[in-house]
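**Q** Each chain is listed here by its residues.
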Amino acid sequence: MLDVADLRVSFGGTEVVRGVSLRISPGECVAIVGESGSGKSVTARALLGLAGSNARTSSERLRVRGRELGSAGEREWQRVRARDVGLILQDALVSLDPLRPVGREIEDPLRLHERMPPTARRARVLELLHRVGMPDPALAARQRSGELSGGLRQRALIAAAIALDPPLLIADEPTTALDVSVQARILALLARFTANGTGLLLISHDLAVVRELADRILVMRDGAVIEEGTTAEVLGAPRTAYTRALIAAVPSGTPRGMPLSVVDRPPAAEAEAVATARTAIETPLPALRDQRPLLALDHVTKTFEVADGRFTAVDDVSLSVHRGETLGLVGESGSGKTTVARLALALTKPDSGDVVLDGTEWSRLREAERRPMRPRIGAIYQDALSSFDPRWNVGRILADAASGTERGAPAPGVAALLQQVGLAASVAHRRPLTLSGGQRQRVAIARALAASPEVLICDEPVSALDVTIQAQILDLLDELQRSRGLACLFISHDLGVVRHMADRVAVMQGGRIVEAGAAEQVFAQPAHPYTAQLVADSPRLVH
Amino acid sequence: MSELELRQTTVEASAEHRPPRRRDRLPRVGTLLAIAFVLFLVAATCFPGLVATQDPNQIAAAEAFRSPSLAHWFGTDESGRDVYSRVIAGTGTSLLIGVTATAIGLALGLALGVLASFGGRALDFGVSRVVEVLFAFPGLLLALLVIVIYGPGPVTATIAVGLSTAPGYARIIRGQLVSIRSAQFVESARVLGHSPARILARHIVPNALVPIFVLATLGIGQAIVWASALSYLGLGAQPPAAEWGAMLAAGRTYLAGAWWMTVFPGLMIVGTTIATTVLGRALARRGRGPS
Amino acid sequence: MTRGSPADPRRQRRGRTIRHAGLLVAGAVFVMWAVATLTFFAIRLIPGDPAQAILGGPGSQASQEALDQVRRDYGLDQPLLVQYLAMLGRLLTGDLGSSYALKVPVADLLGAQLGGTMLLALLSLVLAWILALGLSLWSTGRGRVSTAVGEGIELTAAALPHFWLAAVLIAIFSSGLGWLPPVATGTPAGLVLPVVTLAVPLAGFLAQVMRESLLDAMQQPFVVSARARGESTTGVRLRHTVRHAALPGISLSGWALGWLLSGAVVVETIFAMPGLGRTLLQAVTLRDIPVVTGVVLLIALVYVLMTVLTDVSSRIADPRLRQEANR
Amino acid sequence: GCQAAEPEASGDPVSGGTVTYASGDAEPTCLDPHVGGNYPQALIAGQFLESLVSRDESGEIIPWLADSWEVSSDGLVWDFTLRDGVTFTDGTPFDAEAVKVNVEHLQDPATQSSTGYLALDKVEQVEVVDDLEARFVLTAPDSALLESLSQPWTAIQSPAGIARGMEENCQAPVGTGPFIVDEWVKQDHISLVRNDDYSSPPADAAHEGPAYLEGIEWRFVPDSASRYAALQGGQVDVIDNPQPDTIAAAEQGDAFTWIDAPRPGASNRIELNSGQAPFDDERVREAFIRAVDVNDGIDALFFGTAERSYSALSSVEALAYSDESLFETDLDRANELLDEAGWTERDAEGYRVKDGARLTLRFPVSTNQSIPAEQSLFEQVQATAKDAGFEVVIELLDLSGWYGALFAHEYEIVSAPYTKVGPDVLRIVYHSDSITPAPSGYFANLSQLNDPDVDALLTEAAATSEPDARAELYEQAQQLILGGYYLLPLYDQQNSFLLSTEVQGARAISTVSTPSFYDAWLAG
Ligand SMILES: Nc1ncnc2c1ncn2[C@@H]1O[C@H](COP(=O)(O)OP(=O)(O)OP(=O)(O)O)[C@@H](O)[C@H]1O
Ligand SMILES: Nc1ncnc2c1ncn2[C@@H]1O[C@H](COP(=O)(O)OP(=O)(O)OP(=O)(O)O)[C@@H](O)[C@H]1O
Ligand SMILES: [Mg+2]
Ligand SMILES: [Mg+2]
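Protein chains in written order, with the working numbering: chain A, 183 to 725; chain B, 100 to 390; chain C, 77 to 403; chain D, 14 to 537.
Everything labelled a hint here was simulated from the structure, so no lab data went into it.
All values reported here derive from a predicted model rather than from experimental measurement.
A few of these clues could be false.
Stated by the list, open to error - With a straight-line cut-off of 35 Å between C-alpha atoms, the simulated DSBU-like cross-links for lysine-lysine are:
{"#": "1", "chain 1": "D", "residue 1": "Lys367", "chain 2": "D", "residue 2": "Lys399"}
{"#": "2", "chain 1": "D", "residue 1": "Lys113", "chain 2": "D", "residue 2": "Lys135"}
{"#": "3", "chain 1": "D", "residue 1": "Lys399", "chain 2": "C", "residue 2": "Lys179"}
{"#": "4", "chain 1": "D", "residue 1": "Lys113", "chain 2": "C", "residue 2": "Lys179"}
Unchecked claim - Residues from chain B shown here face chain A by an in silico Cβ test under 10 Å; the list is partial:
{"#": "5", "residue": "Arg127"}
{"#": "6", "residue": "Ala135"}
{"#": "7", "residue": "Phe284"}
{"#": "8", "residue": "Glu286"}
{"#": "9", "residue": "Ser287"}
{"#": "10", "residue": "Ala288"}
{"#": "11", "residue": "Arg301"}
{"#": "12", "residue": "His302"}
{"#": "13", "residue": "Pro305"}
{"#": "14", "residue": "Val309"}
What the hints assert, rightly or not - Covered stretches of chain B, as calculated for chain D (at least 3 residues, CB under 8 Å):
{"#": "15", "segment": "161–168"}
{"#": "16", "segment": "177–191"}
{"#": "17", "segment": "349–355"}
The beta carbon of each residue, even a glycine, is placed where N, CA and C say it ideally should be.
Between the sequences and the hints, there should be enough to build the whole structure, so can you do that?
**A** Structure (structure tokens):
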């Protein structure tokens, strides 16, 4: 149905897709995986002639339903799009025009490709929305994308892509940026299409996601396919080190303490690591238990004023982090995780309850009294870039953070800090804007460490990174936490990440902590139905 | 929203939202031209004698209304004065009006903006309403009132124009300060335990100043245009001061017979506006873009 | 980015809308009061005797008795506070007082002028919109040359003083080609030049913003997404990006109207059109305080209404604004 | 004199049609010229109000609403015999009672009359002798009475109209004129319609009976370029206050007729404030006048449409006296005089200094009263005066600010027009009584000339009816005024009309040079 050979795309001299070949038959799901920037999205878009106005595309063969499109003009492409191939774009949240009702967006392909009276079109839109599992199709059709949640937007986008029942669907990262439970539902929806005979090209950087759906997997790196095979072959017996790294980087299932970014682990070491991890969990840090926690939230409640009353973002939350321990905090979007982090950092005042830092009720201090204590608690954010002053280079950022230590401890030099997080000294002269995401996050970690904190608050530190980079950052954090005996509050919506990083976990839902306990225990035998649902929805490499 | 805010959005849009492109790193041809023009203006301001060819106020009634020639590059005006020399002589005055008016607007806007953004909720509400009220007097209206009260003249015109731009600046500066104050990098400085004074000095002020400065470069040309409207209404610069707006206004009467009397001062105003705007945008790109 | 709200979204939205509307109305009332107060006291600063102005200005040789009589008649001998309260009281009943110079009620005088000025301003606004949209659609995203040309046109247009543009237009279209009348004769043809004069510089401003938002919109993923559905590039421009380009224009319209009313002072003088701008200029020269106050209040009212209107229409055009918490 | 369009050139007058008149003067705030009394009011009032007498081109007073008049030998009683059978356009008959009511209206402070009030300040009362016989009783002889009564500011209105009250009468005064005010749309236009029952043309009119034109649309077009463009485009038929360059251009072609009608009364001149330093010293005054060169400027700026004046009076005034020799430019003489007067030093910028004070002349200019060419001329005055070491500071002010500066005596030189029929204007402008401001602060003697001899001559002339003696007295007064270097005459008060050649028979009335469309008709 789709038959591509030697597809090449270049932008102004640099080739970003280099000789990709692939075939998809009806009902088959082919997945492309690979790290960020490997050319997955460009490949997908090139299949519809949408690589971009500045792109040069060539191919030996580019057949959709047997029709050669290698030299198709814009008009021909327009006929192919949506009718023969449906495309679900990577940026689901911004792929719908925020100013147009969703129904109109879905209607577009019907209007453009089919002669249909408007009433029939509208009926069909409702039917499509129903098919993708929209709770209230009539309402959704009238709403605009901004009024829909991420999951619903993704459904609307899928509805638009399948409006003409195209025999082939291309889904580019259809679940990135979605909560696990939503992700599970979207994947299930896609699975239904393949079951009905639609061919599916699924693109993701996350092998765990792909595993559930794909019949065959193509691994891309630097624009070229470096490995190809059935799902079982690729995941079970990866041939290239790169693929093995991708597999290793998936945190879920990799026990606490085992590095994610080391590729060819000797089996012995693996077993050993697992063993240590087990012991660590089974003996739940008795020594630490007796000590008083370094950071504790004690029945903390935080409400915000909204248009019609007050909204409780954090509801009677108690948690504690001990020295040398990592507490994981998971929960869906909006459950109050960031608010907890801000409370812990005393950036916002609780309505009731206390935040205690090393015995001091520090949420009650005045800011001036609190300031000398601030260096004891560091923070790392999801969006590292916006946490840097845009005018400063890395050296200045780090020096500034280090000189802020008012405790007199000799500030570690910039070079040493960079070295600690595995960055070259030359990075000091660059501005964060010019760094890659992984590098930025390393700088953020270096900055947090500059003041030699005892507690580290990490709010989604890896959510914006792709798996391989994520693996490196997680390893770095883990190592630093252990070597420095830091207490760490680790926030993430990704169960796998939390499971890998945390000694204990707390699960948040709607501002409350619904379950807490040792990580392995919570994930293995969830007590609360919400946790159970989360665990069930979370994709894994192995069952 | 005001014209300034509009400029603000364009500055930000051109600086921020677009990914840095390769050609943004090199000064464009336009930017170079703009720099050259501004340098010329500066030369004309500081050393008018070097650039001009004749005494701008030398009257020669018999030489009136000469069209452009080698002797008079831009022709002569109704009193036989050399238009080119007057345009050059007017550079200083016009730029002074533009710069001063902008500075006044900016200073007032800064005061109001700082009050609003650092003075707590009540003050913020109060100042915002004041700004709203000032906005309800459209530019020329405010200027007219000021002029009626304090009499016409270049100083009043400048103050009037400055005043009428102040609410726009105030709103932008407030927004700028508020957004910087709540920016994540300010928060992370707080988390590091830095004092408010240090945060203000190292983060908030420098980050607010650059865009405000850029904005100011954009306001200069517009201030000259407004001041020229006042000159047309007979409320601006006083004779024989060679000021572009006043020349434009004076020459307008003879447009049919002596186009050169308005076209050249007009070109200078347009040129200055374009050059400052282009420079402002280039500055904005540099301020945010890769180093 | 917004996400699913925790409370019932619709109820919350209605609450927000009501609260927002309340704030808008309260703000409008406050602004009107403040403008009235400010104008009242600012006008006291104007040198010159109001009684004099009533008696035909400083050139007249009015007698002392006449001056005293007028002061009594107009309550100018009362303490300032009493005069102020009296003015507020009269304003509440819609009474703007009587013109010093023309001896007719200000409300009647301005009522007759308002229509013409508003017509002029609104037509200019519409034309500026059309020009700006046309220019930015034509010149954006079609290569460097057209972008440079477009930006050049915008900047030049925005730097044109009204009085000069008017003179050039008259020289070309009236004196030169004889196509259009140089004075507003009350016919549609007479409106063309004034409207163009006002619209062109404004279009320069609007086009600058529209270009940016257009560029912004054209780089949004939803554009690719629309094309993936089979939409042509023209279709994308017409059905998607135009709206985005228009948004900042809408929210600028309140400011633009104020700007146009400023320009109307000049344009109405040049094209000899009856209107608020000319009335204001004349009243200022004659120190006709009630008329000045009336015009100021009227313009403030128009501005306030326009702000409300643009706020509402922005919210209609851009649902994202409706979701945002109140400023 | 004035250059009327040649009526015989294009055949016989035809009736019908409307003329559109575009005025560059300010829009009046009241159409009743009794109220206040300025030139814009006079311009339009001449279309619907008429005076007791008029003046012909030679300056002779001729009958209008009054058929004849007689003055008593002591000059204190004037008997006017009125024209019979005239009615106001509201049907009220025109009679002696009406004349009496009008004079009382003018003299009532509530009317807020200024110009008319001053013109009749010697009239004590009007007695109704019979229906057609009105007797003016004066407090002192007034040789200018007829000239005063010829002005539009003392025109006769319907007593019933006046009785309506000021507000209504301002909107549409009722007179006996050839046209009637139909509608006044503020800021836009005034519609005038023909008075079909018209029967009272002045003695020098070209025809009898109603006007040829059905009406006049009187528009206000303040911008001179727009006004001329509108005339070119045919949107209007007549414009006033044309720019000198457009007059010159119009003269070239034959599409327009130019009526050059300088205003009577004073010439356009720069007054030197002799009431305070430095111009309290005659040598400094003479030095200024000798230093300034305006001839080239007048040629260039007025494109040959204005002629240099050397008189305090307008060239239309038969009694105007001029002396060119007093005003010859002589920079050396100017420098000499200044040195003599003690202004010997010069500062870095070349201005003369005495006792640390610069020789600065403040020159308030009213932007509402001077056209651009005039302002340019003042700049040239400024530039040439600089050569002798005078610093002239031109201050552009709006009308209120300008009067404010005069009232506060913050001026050394100033230019102010004064329009009045007859040489009596000299008394208003140069008699020392006019230095004392009215309660409103206004005073007419801006040179602050305070010379008992001048006062005596002007007072006597005003009371002398015998023409030769009167002329002699005025000539002596003018010699004193000019010889004292109190003023720098520039040119006549410019007053021009450009008419499309389709408009035939229009003329300017030789009183205050306002246009008359009674004889006008549309050709082709
Ligand atoms: N329009 C474009 N112009 C220039 N370069 C582009 C363009 N689009 C993509 N690229 C480059 O092509 C390369 C491949 O990009 P692509 O978006 O296909 O990566 P990806 O594998 O989808 O990554 P991710 O997982 O982050 O989505 C990148 O280096 C990117 O910078
Ligand atoms: N300043 C605020 N004013 C009003 N509501 C707020 C504020 N800050 C947070 N909230 C609300 O509180 C709730 C919890 O927010 P929070 O950011 O803590 O969630 P989160 O779990 O971190 O979500 P995510 O995974 O999306 O980051 C959300 O509904 C949010 O809208
Ligand atoms: Mg991608
Ligand atoms: Mg969060």
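**Q** Taking a Cβ-to-Cβ distance below 8 Å as contact, does the segment 349–355 of chain B have at least three residues touching chain D?
**A** holds (count 6)
**Q** Report holds or violated for the interface hint on B:Ala135, using the least CB-CB distance to chain A and a cut-off of 10 Å.
**A** 28 Å, violated
**Q** Straight-line Cα separation of D:Lys113 and C:Lys179 no greater than 35 Å?
**A** 26 Å, holds
**Q** Below or equal to 35 Å on CA atoms is what counts here, so check D:Lys399 against C:Lys179.
**A** Status violated; Cα separation ~47 Å.
**Q** Would the pair D:Lys367 and D:Lys399 pass a check requiring their Cα atoms to be no farther apart than 35 Å?
**A** This hinted pair holds, its Cα atoms lying about 16 Å apart.
**Q** A closest beta-carbon separation below 10 Å is what the hint needs, so does B:Glu286 meet it against chain A?
**A** Cβ of B:Glu286 sits 6 Å from chain A, so the hint holds.
**Q** Does the closest beta carbon of chain A sit nearer than 10 Å to the beta carbon of B:Pro305?
**A** 6 Å, holds
**Q** Between the alpha carbons of D:Lys113 and D:Lys135, is the straight-line distance 35 Å or under?
**A** Since the Cα atoms of D:Lys113 and D:Lys135 sit roughly 15 Å apart, the hinted pair holds (cutoff 35 Å).
**Q** Next item in the hint list is B:Arg301. Is there a CB on chain A closer than 10 Å to its CB?
**A** 7 Å, holds
**Q** Is the interface hint for B:Arg127 satisfied, with its Cβ closer than 10 Å to some Cβ of chain A?
**A** Cβ of B:Arg127 sits 18 Å from chain A, so the hint is violated.
**Q** Does the interface hint hold: is B:Ala288 within less than 10 Å of chain A, judged Cβ to Cβ?
**A** 8 Å, holds
**Q** Taking the least C-beta to C-beta distance, is B:His302 closer than 10 Å to chain A?
**A** B:His302 check passes; min Cβ-Cβ to chain A is 6 Å, inside 10 Å.
Of the numbered hints listed earlier, those contradicted by the structure are 3, 5 and 6.
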